[in-house]
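Peer 1: Starting from two chains that each stand alone, build the complex the way the hints lay out.
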Amino acid sequence: MSLTELLEGKQVVICAGSGGVGKTTIAAAVALGMASRGAKVAVVTIDPAKRLAGALGLDLLDNEPRQIDAARLAGVAIEGELWAMMLDPKQTFDDLIDSVAPSPERAAEIKANRIYRQLSTAVAGSQEFTAVSKLYELSQSGRFDLIVLDTPPARNALDFFDAPARLESFLEGGALKALLRPTTLGMRLFAKGAAPVLAALRKVTGVDITTDLATFFALLGGMTDSFGVRARHVDELLHAQSTAFLLVASPQAGPTDDAISFHQTLAEGQLPFSGAIVNRVHPLLADEPLPDVELQLAEKLAATLSEYRVLAERDQANLTRLRAALQGAPLLLVPELQDDVHDLHGLLRIHQALFG
Amino acid sequence: MATALLQRRLIFVTGKGGVGKSTVAMALAQVAARRGKRTVVADMNGAGEQHERQLAPDLFTLSIDPQRAMEEYLTVKVGGTAGQILGQSRIFSAFAMATPGMRELLSLGKVWELAQTRRRTPGADPYDLTIVDAPASGHGAALLRTPRTFAEIAKVGPIAGQASTIAATLNDRDFTAIVVVAIPEDLAVTETLELDEALQRERLNIDAVVLNQRHPDRFDEGDLTALRLLAAAPAARLAVDAEIRARLEAEQAARLEQHFGERLQSLPYLFKPELGAEELELLGRELDL
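Note that the protein sequences, when read in sequence, are chains Z and B. FYI, in numbering that gives the first Met the number 0 the residues of the first sequence are 0 to 355. FYI, in numbering that gives the first Met the number 0 the residues of the second sequence are 0 to 288.
Just chain B, same shape as in the assembly (with noise of 0.2 angstroms):
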């Protein structure tokens, strides 16, 4: 029996793009939060807050910047003169932030400090689950993939050694969980399926997929029958409309339910022109956490 979602300590919400991440990744985070668990939000996409910020008791986010991760792994981890040096050399953060998969495998240091019991800030509180909003399906696959190609390249020194740990680290499904979150569409169907094959190919495991945004499903056979009969109103015409999207929707998910079984979960969509705190608690609660 694998450990339950929220008793792990890190979890990655990945997903095509405009399927509905953060949200997803923000309504696991009340969840938890609600349960007494100190838990943040770290954000891979954006250039929002940098800095921890507080939303609701229990609950935090903040913005993954690479440059700023360098900083504080060259100042905590490295220390001394070389730490020092590294910090103010142009040329080092130039060279760093230009070498390709660094950023990544710096963000990823920085997801992975957040996600420890004992934090290598200094002062900083751990939190008890660190929630990544992670970048879309193809970027998060190499994301996922950069700690073991730095750990085969630099086959030692500190970075090597980090590498290692992280790569270690993700691969623990006591530790670290992966969420991938779809909506019944063709394509992100398709894509959720070929992450899952990237995924197994680096020993990674998608714990749980979330098929977002299900229409309601409401009209049977006689309404079909009928409603093509009344095809001139142009409520006749959206219900039709609904229907089909509906029964494309259901075809949808059952690719996933054959392929993921117990592991998907389904969420409604919710007509709301923005979805808010009291949006985000009721999809919490339609999940099984």
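Chain Z on its own, in the form it takes in the complex (with noise of 0.2 angstroms):
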């Protein structure tokens, strides 16, 4: 089946997997693939490599996709239109605030508090959460076709649904509402039996991170509910059937446990999976006679053939792996290519790979 099938009707496309399985560059060859064949599309990338980014004319970071121009992808004709954005999670994390506050100068209040400063700006979680906040907003925008979401790298596919929730929870503040309410002297005990709980955390935590975090949940007042809807307009973008999750791996051993435990965890998070897509694939040889040269550059050749058929059939073997984890899911194959891919070269080959 080919990617274009695979994506007919889809407006969402997630690119899940570990990293360094090159995700930015498969995402960006997706949404280049849809673009060219008539779609409006927009790719999401986190941390682009330098090279591919200033290729796309994306050297400008300011959180909003803008067009490539379509002189630049020499070779690829685009019948639709091709966007691109780099995530900037601080950005993207004041633009929410501004949109969910009451007042311009609540906003400001809370962008200047030191749990918010530190919360839109820690890297673990900040990055997965943002993505998914971004990318629902330019679903609720309606301006493209598609949107391809390249995501942060992670190990294990639970970083990427968990650190949303997990930030999510922690601003609708539900249980900590119900055990501080903020006063003029500070914080004042709300729940009965709550007094041991709340003394031991200020034993352990110290007086000014409570303080701070109470005048933090004061400061989001009645934003809160608002957060808890738009976690649940998320939870339904993700699960909707327009969305499709594409799995990025790589054919060594641990990568391939990773897809596996990834596509297991889509799976029961009853998420929409289209297929996955294997990168760097080391194609079998057939068995042809070595040419003629002296004995010297023959060994040579001997050598280099004996490690490329070890990585072939590792590849193979690891492919029959995740082929039988993935009950017949759709699985496709960019070949390993020998030269740097992180650059507009690169892209045009793995697109061509991938759309033939």
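No lab work stands behind these hints, which were simulated from the structure alone. Since the structure is predicted, the reported quantities are computational estimates derived from the model, not experimental observations. Note that beta-carbon positions come from the ideal geometry of N, C-alpha and C, so glycine has one too. Worth double-checking, as some hints may not be accurate.
As the list claims (entries may be wrong) - Label-pair distances were calculated between CB atoms; the ranges are: (1) B:Gly122 x Z:Pro334: 40 to 46 angstroms; (2) B:Thr116 x Z:Gln326: 48 to 54 angstroms; (3) Z:Glu287 x B:Arg200: 53 to 59 angstroms; (4) B:Pro267 x Z:Val228: 53 to 59 angstroms; (5) B:Arg284 x Z:His232: 53 to 59 angstroms; (6) B:Arg172 x Z:Glu287: 54 to 60 angstroms; (7) B:Arg172 x Z:Gly221: 46 to 52 angstroms; (8) B:Glu278 x Z:Arg320: 16 to 22 angstroms; (9) Z:Arg322 x B:His50: 40 to 46 angstroms; (10) Z:Gly8 x B:Ala276: 46 to 52 angstroms; (11) B:Ala249 x Z:His344: 35 to 41 angstroms.
What the hints assert, rightly or not - A short list of chain B residues far from chain Z (calculated; beta carbon distances all over 10 angstroms): (12) Leu4; (13) Leu54; (14) Trp111; (15) Glu273.
Stated by the list, open to error - So these bits of chain B aren't anywhere near chain Z, every CB distance computed over 10 angstroms: (16) Glu71; (17) Ala123; (18) Thr148.
Peer 2: As structure tokens, this is what we get:
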């Protein structure tokens, strides 16, 4: 099955997979392929290689999709439109606060709060949270036929789904709101029986942090319900039939294990899985006699060939394992490219491998 | 002269995703264990076995789980009624786990505890060396910054105290080392250079860079000319591709060499279906430790 058929009717494509397998380039190639087939596509990348970003004209990091000049993509005719952006987690977070705050003054106060500043810049969690948040925002805008999301590097899929939920629940502050009620004196006990917990909390964390937290949640005030509503909408979007999760993997043992567990996580979460793309596969070579060259060169050739065969056989074995785990779901292969792939040339070659 | 790598008590191994951090961490651990150091590899990436598991004489592994680290911390460090109340409080647990950076701090607290000559955990034997299979570069840098951030936010109280202690430990070059693993590709090398900048801002130093997976470079110009005439033969095409790769790798290695000088070490690409104990040992022997 071709990728074009696989993505028929989809409005959101999420490229998931462990770090180092080429997710960003694959995401860009998928977006390019769909744009060349007439769709208006936006690709949201997390941390693209500088040369790829430069080649696409993405030197500007302003958190808004920019249209890629088709002239840059020599050799690929773009019937539709290709837009791309680099995610800026801090900016996305600030925009979110601006959009839900009842007044600009309140938004400014929140953005100046110490807890908020740490929250919005911590790498762990904020990339995941803001990636999904941006996806939702772009999807709501209705500006694009298709949005392709590259995801932050993670060893296991749970990180990607857990991190937004963790932050979301922190922002909703359900547990904490039951505990703390900010007053002019700082904070006061609210729920009966919470006194010892709060006392212990202060003892462990130090007073400063709890006061900061109380202030933070006081500032968020009535906004926390909006976060809850938003979280439900995002969840619906991730589960929608018009959303496709593409698993990106490479054919070594470790990344194959990771891909199998990613797939399982998607299945358990009942997320719409469309297929897997295995990057950097060494295709098997036919058995042919070595060319007739002088002895020394022949030995070097034989050594290179036998090394290659080890990798090709390793890849086949891992692909067999992955195929079995995917239970008939589509599996697309991108061959290993010897030259550096993190530039426009590499992107075009991967696009060629995926879309023909 | 800096303290030799294996003479320290704590080594963080980080680097871009997919470059072989776990492999290098295990190879280092094997060498240390062979030298009679009681060594533990603490995996911060996964959902592995949380109890210490012995792999070989003097070689242990465990997986760090923030939730469990918190329970341990509360029982042992806070203790008394407060520890009990918090340990049992689901509200507290939800709060702590959702607080940005708290998971990282708790995980680091556990790593710090493993590296102490006198363990906080009752009855636990001390390790001579704790090797941390740390998260990938971006998260790794944030992780190492966490204790300082906490120490600044929570000015008083046990967490602030603990965070300052951990921060000081991380900055102590006689105690802690940072090893960054890279592969000879543009992205990984760039990320390594950026990580060095980010760590220096935290006054943290990269002690060694391990350039993993270097492919053999065996064809000379004469070979290439001969091979190009045979381009129709798959083996010849393969050889030309391999040589192109080797030359690109040399360029990337030079970038690291220029920046890190003697701190740079290389490991060969192993053409093996999977890396087992034998391969780890081979890699360990290649490292100058």
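Peer 1: Would alanine 123 of chain B pass as off the interface with chain Z, using Cβ distances and a cut of 10 angstroms?
Peer 2: holds, 22 angstroms
Peer 1: Could you check the hint for me, namely that glutamate 287 of chain Z and arginine 200 of chain B are 53 to 59 angstroms apart, CB to CB?
Peer 2: Given about 55 angstroms between the Cβ atoms, the range holds.
Peer 1: Taking 53 to 59 angstroms as the hint, is the beta-carbon distance of arginine 284 of chain B and histidine 232 of chain Z inside that range?
Peer 2: holds, 56 angstroms
Peer 1: That 54 to 60 angstroms hint for arginine 172 of chain B and glutamate 287 of chain Z (C-beta), does it hold up?
Peer 2: Taking Cβ atoms as reference, arginine 172 of chain B and glutamate 287 of chain Z lie about 55 angstroms apart, which means the hint holds.
Peer 1: Using the C-beta atoms of arginine 322 of chain Z and histidine 50 of chain B, is the stated range 40 to 46 angstroms upheld?
Peer 2: Hint violated: Cβ distance 34 angstroms, outside 40 to 46 angstroms.
Peer 1: Please test the hint of 48 to 54 angstroms on the beta carbon pair from threonine 116 of chain B and glutamine 326 of chain Z.
Peer 2: The hinted range 48 to 54 angstroms holds for threonine 116 of chain B and glutamine 326 of chain Z, with Cβ atoms some 51 angstroms apart.
Peer 1: Decide, holds or violated, for the assertion that all CB atoms of chain Z are farther than 10 angstroms from the CB of threonine 148 of chain B.
Peer 2: Label violated. Min Cβ-Cβ 6 angstroms, cutoff 10 angstroms.
Peer 1: Taking the Cβ atom of proline 267 of chain B and the Cβ atom of valine 228 of chain Z, is their distance within the range 53 to 59 angstroms?
Peer 2: With Cβ atoms ~55 angstroms apart, the hint holds.
Peer 1: Just to be sure I understand the hint, the distance between the Cβ atoms of glutamate 278 of chain B and arginine 320 of chain Z should be within 16 to 22 angstroms; is that true here?
Peer 2: Since the Cβ atoms of glutamate 278 of chain B and arginine 320 of chain Z sit about 20 angstroms apart, the hinted range of 16 to 22 angstroms holds.
Peer 1: Holds or violated: 46 to 52 angstroms for the Cβ distance of arginine 172 of chain B and glycine 221 of chain Z?
Peer 2: holds, 50 angstroms
Peer 1: Can we confirm that no CB of chain Z comes within 10 angstroms of the CB of glutamate 71 of chain B?
Peer 2: Given a closest Cβ separation of 14 angstroms, the condition holds.
Peer 1: Checking the smallest CB distance to chain Z, is glutamate 273 of chain B really beyond 10 angstroms?
Peer 2: With a cut-off of 10 angstroms, glutamate 273 of chain B comes too close to chain Z, as the shortest Cβ separation is near 5 angstroms.
Comparing the model with each numbered hint stated earlier shows that hints 1, 9, 11, 15, 18 do not hold.
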